[in-house]
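Model the placement of chains B and R on the given structure of chain Z, informed by the hints.
Chains as they are written, first to last, in the UniProt record's numbering: chain Z, 1 to 535; chain B, 1 to 321; chain R, 1 to 371.
Simulated from the structure, these hints should not be mistaken for lab results.
Treat the numbers as computed from the prediction; the structure is a model and nothing was measured.
Calculated from the model, a selection of chain Z residues having no Cβ within reach of chain R, i.e. all distances over 12 Å:
(1) Glu233
(2) Ala236
(3) His447
(4) Ala517
Quick list of in silico lysine-lysine cross-link-like pairs, BS3-like style, CA-CA up to 30 Å:
(5) B:Lys250 x B:Lys319
(6) B:Lys319 x Z:Lys69
(7) Z:Lys190 x Z:Lys58
(8) Z:Lys190 x Z:Lys119
(9) Z:Lys24 x B:Lys319
(10) Z:Lys58 x Z:Lys70
(11) Z:Lys70 x Z:Lys190
(12) Z:Lys202 x Z:Lys58
(13) Z:Lys24 x Z:Lys70
(14) Z:Lys190 x Z:Lys69
(15) Z:Lys202 x B:Lys319
(16) Z:Lys190 x Z:Lys202
(17) Z:Lys114 x B:Lys250
(18) Z:Lys70 x B:Lys319
(19) Z:Lys202 x Z:Lys250
(20) Z:Lys264 x Z:Lys277
(21) Z:Lys202 x Z:Lys24
(22) R:Lys164 x B:Lys232
(23) Z:Lys24 x Z:Lys58
(24) Z:Lys58 x Z:Lys69
(25) B:Lys319 x Z:Lys58
No residue lacks a Cβ here, since even glycine has one placed at the ideal position from N, Cα and C.
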Amino acid sequence: MTDTAPAIELRGISKAFGPVQANKDISLAVQPGTIHGIIGENGAGKSTLMSILYGFYKADAGEVFIRGKKTEIPDSQAAIAAGIGMVFQHFKLVPNFTVLENVILGVEEGGLLKPSLAKARRALTDLAREYELNVDPDAVVETLSVGHQQRVEILKALYRQADILILDEPTGVLTPAEADHLFRILAGLKREGKTIVLITHKLREIMEITDTVSVMRQGEMTATVPTSETSPEHLAELMVGRKVLLRVDKTPARPAQTVLEIEKLRVTDQHGVERLKGIDLAVRAGEIVGIAGVAGNGQSELLEVLGGTREATGRVRINGEEMALTGRHADGRTRRGQGIAHVPEDRQRAGLVMPFAAWENAVFGYHRDPAYNRGVLMDNEAIRRDADNKIDRFDIRPANCRLSARSFSGGNQQKIVLAREIDRNPDLLLVGQPTRGVDIGAIEFIHQEIVRLRDAGKAILLVSVELDEIFSLADRIVVMFDGRVMGERDPAQTDERELGLLMAGIEGEPDKPEWQAIDEQWERVEAEEEAARHG
Amino acid sequence: MDFLTALQVLDSTVRLSTPLLLACLAGLFSERSGIFDIGLEGKMLAAAFFSAAVAFTSGSVWMGLLAGTAASIALSAIHGFASITFRGNQLISGVAINFLAAGTTVVVAQSWFAQGGRTPSLPPEGRFQTITLPFAEALRDVPIAGPIYHELISGHSILVYVGLLAVPLTWWVLFRTRFGLRLRAVGEAPEAVDTAGISVVGLRYAAVAIAGVLCGIAGAYLATGLQAGFVKDMTAGRGFIALAALIFSKWRPWHALGACLLFGFLQAIALRYQNIDLGAFTVPVQVMDAAPYILTVVILAGFVGRAIPPRAGGEPYVKER
Amino acid sequence: MDRMPAWADAVLVPLISLLLAAILSALVILAIGESPVEAFRLMVEGALMRSAGWGYTLYYATNFIFTGLAVAVAFHARLFNIGGEGQAMLGALGVALVCLYIPWPHWSLALLAASASAALFGALWALIPAYLQATRGSHIVITTIMFNFIAAALLNYLLVNVMKPAGMMEPATATFPQAVHLPTFQDMFSTAATPLFRGSPANVTFFVALLACLFVWALIWRTRLGYEIRAQGHSETAARYAGIRPVRIVVIAMLISGALAGLMGINSTMGEAERLILNSTEGAGFIGIAVALMGRNHPLGVLLAAILFGFLYQGGAELALWTNIPRELIVVIQALVILFTGALDNMVRMPLERAFLAARRRRTRRAEPAE
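Bound-form chain Z, shown alone (with noise of 0.2 Å):
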């Protein structure tokens, strides 16, 4: 019985969070020894069902069984001595303590610490032997790359004896070859006889590792099937719900005069760190520039510099005009009077202001236009009859400008971003992350209006993590990795594989295995970061 029993078994799982129905009635088996896919869209409550199993939320029905039997995870602890380990999306680490620490916290020995981090230390070097997982276990880990971080969360789950780890979207943060390397670990963890649950939207991955593969839609649980009997299109449609393009429709791009020119940029934050070390990038109208790089290589600085939330140094012109980069003018303000508009990456904490009503933002960044304003005060009824035209034109849903911003769902808050920004005509667009979070058929939409607006011979600067998005609306690829610019590839003359090493910041062909390059790379940045917080 026990030896067929499933490693994990979910019975009828149900969880809200207020009115939102994140898991409705889930039901899920996974193998022991197995890799298991869990693949949907963002917000298909993938995360919420694994963080159930993990304890970190509370379902409101359901039962689970671990290895046959009927466990009660009401917290962590419970997952814990169920042998269950998670890896968060949002790394669980506590920052300024050391990698020993951060191992031990939870499952030290007795009342002191000494005892404790000498086995943890001695523990770390036999693992970090057995499943390339190097990391320094003195290290603090705040001052470690990404990827780092990832492994210490790993050695986290195995240092408690974990036989079931759960992954949350673990290649987010990583590029294509660190990914690969995580495979790597991961198919040494199953030939151990471990159990690994991964979580993920991208189609690659589960096609790459997974044996078996369960597609997650709306909350409920729409499909369990082997994975060698499927494809990514049909995957894509149990996703979906329906056929899906996976491609936009455009013309080639004709572009003409520059709009945007970056010469020498760099940015220094507030710890010291340089993060962008150089930037040389020009932008023309009607064609779509995407910047492509794995999170956190200054593609984000770039954006905010050029919208004018952060300082730098160099030169920068729109129009021919010359840009503060410092003082008073580098600003929103003065960005939005030189025709630029700009789509944040994070529409919840920038973009939009959640409480405020959709009216109120549909105005937001350009409330000082005079056609919005009689005298000191503000012109309500004129702002409502713009935000109502806005709603009309971009077939935002719910149709009520007086309901707050965070009523809506996340396609239609971009919408309201999209058509705010869109709306003004600028001469450059700067969109971050345009569908994240965004469900399938908003994301088409958005598309089409991005390419759309470069039809109509604006410029626009694109940035995502996401390459399928890059590849279906660049005209042009810069990749960009530790504040430079690696390199620019012509869309339809490039593959992943050419794009994720120069995301890794190597060019050519590597002379070792690429993790190894990769590996290398990372520990010069993390030791130039080190000198420079420092120094």
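Chains B and R alone, transformed into the frame defined by chain Z:
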């Protein structure tokens, strides 16, 4: 200033620093766990009243200490209830606790003793007596070291020594024990503690309870050690000076000792000399009164090194959307 | 989706909190051996049943409107200004300087000048904490607390060493000249036949306070500045993105807040004491916190909450006069109101939200056709 006067001022510094130090360490435990505590003042005040009241009625200073600590812990429990269980605003909760103590102590004092919001003066057995350390008398006449040992080191009440011992103890607990590791972790990254299978709520309540105990001792010392009874608003801003010392020390135990001694010294000077004549001009006593607050603002402004509080401080831990 | 209708959030939550505070206060009165019913009757009689009682109630309310608005404006920018007390002290100093050292022909001119001076002094006292918060991230709660103590020391110094007339024992300034005497409600509303508000301190400043309510309402919900203050209060990242300069907003919001707190000085110093005394604020700066929390940071709410606290203050004074209950009972009630409407907000809100959610589910289920 001659040697003996200097010794007396320093002696008074030690006495005046003790309540600051205990309250400061209380704040340190609480804030290291991520719970801001601007209710130190109120907890001390409540402890001062209840320790004096019970010491007077029972005739036992130890019963008084127990009662004062219990009152302080009760206020800690309210703070925990509001800011941990119900994830309320920790600053507002602290403000409420200060007023709750300020009002309740007077209302109850009036009801129990009918002396206009004070307790009767405590008899000797209702107070903590000074302790003479071994050989203090014998060594008295040894030049320099003798008077220092006799005046400055010996001859304080037991709570003064408790306060001083609390410093290394706090350091040891914080940096050498499992509890300390978890406490520091929960103040920096509660989600890491939660997913490591440790109760965030439990840890924070523990920290807040420790803060209650320490504030309780601080308050009891005020009413039954430093003075002989409770009078209305007798903490007189000490809770806020302790808070200032906590920021000054950047949430570190040994530095807290230094900051509290400094602020205690300022109080001792202000107490002994009203206006200080520096020849060319006079430093009015009000400058001494305001000095701890001004120093804290200067520290907060980052002119003398930056004070960075625990990362999760002040933020209630909410994991569900 | 919002979990609860706006009216419930604005009205039901504070009312339930108030009810809880009242129940606990009644228990406190019971515990010290007095009758809560009798105490309440005394309070109502003393504060509301006679026009003189109203005169005191509205006098206190005037103070609390100013300090409550001060806290509310800062809250909109997500700044917790605990420094109302110190800012009001400085405002009172500004009033005293204008009234003592400039000869005024008429009270109305003096009122204008004193208001400007009070607002200016209060605003300046808020400026340093505001600037440090905006540019150096110094926590404004701590700095404003510190500035309260510094203000107290400063006033103590000025009154004892500088402004006290020779030969006087009490640390206070000389009495203001008769010309700057503000009309009281008694002056304004009494007729020879029916004396009203006799001997009570309510004065023309109350109407200044009402104007201040109107001003704050227009500022927060009708002007660009208010829009920017609210945006900054909800999300600094968003404000920065929209080209709103956080430093500017933090400083301006705190200047307005400090000015409002400072304006309290005209009521207490020019309207009542007619000279500057130590502790002229009597804790009104702190009551502003309770008033703003209870009034949900809306000027109308602040007005109502201020009148409620005015009633409590006047009623509390009556209690102290006729019973063994000291005035400090009001401090207990104030603490409970802050606790329930501020810190324990969720305790009241969460069950209510669940109730509304359940009611909505029932409604939608009924609305769906049976299959």
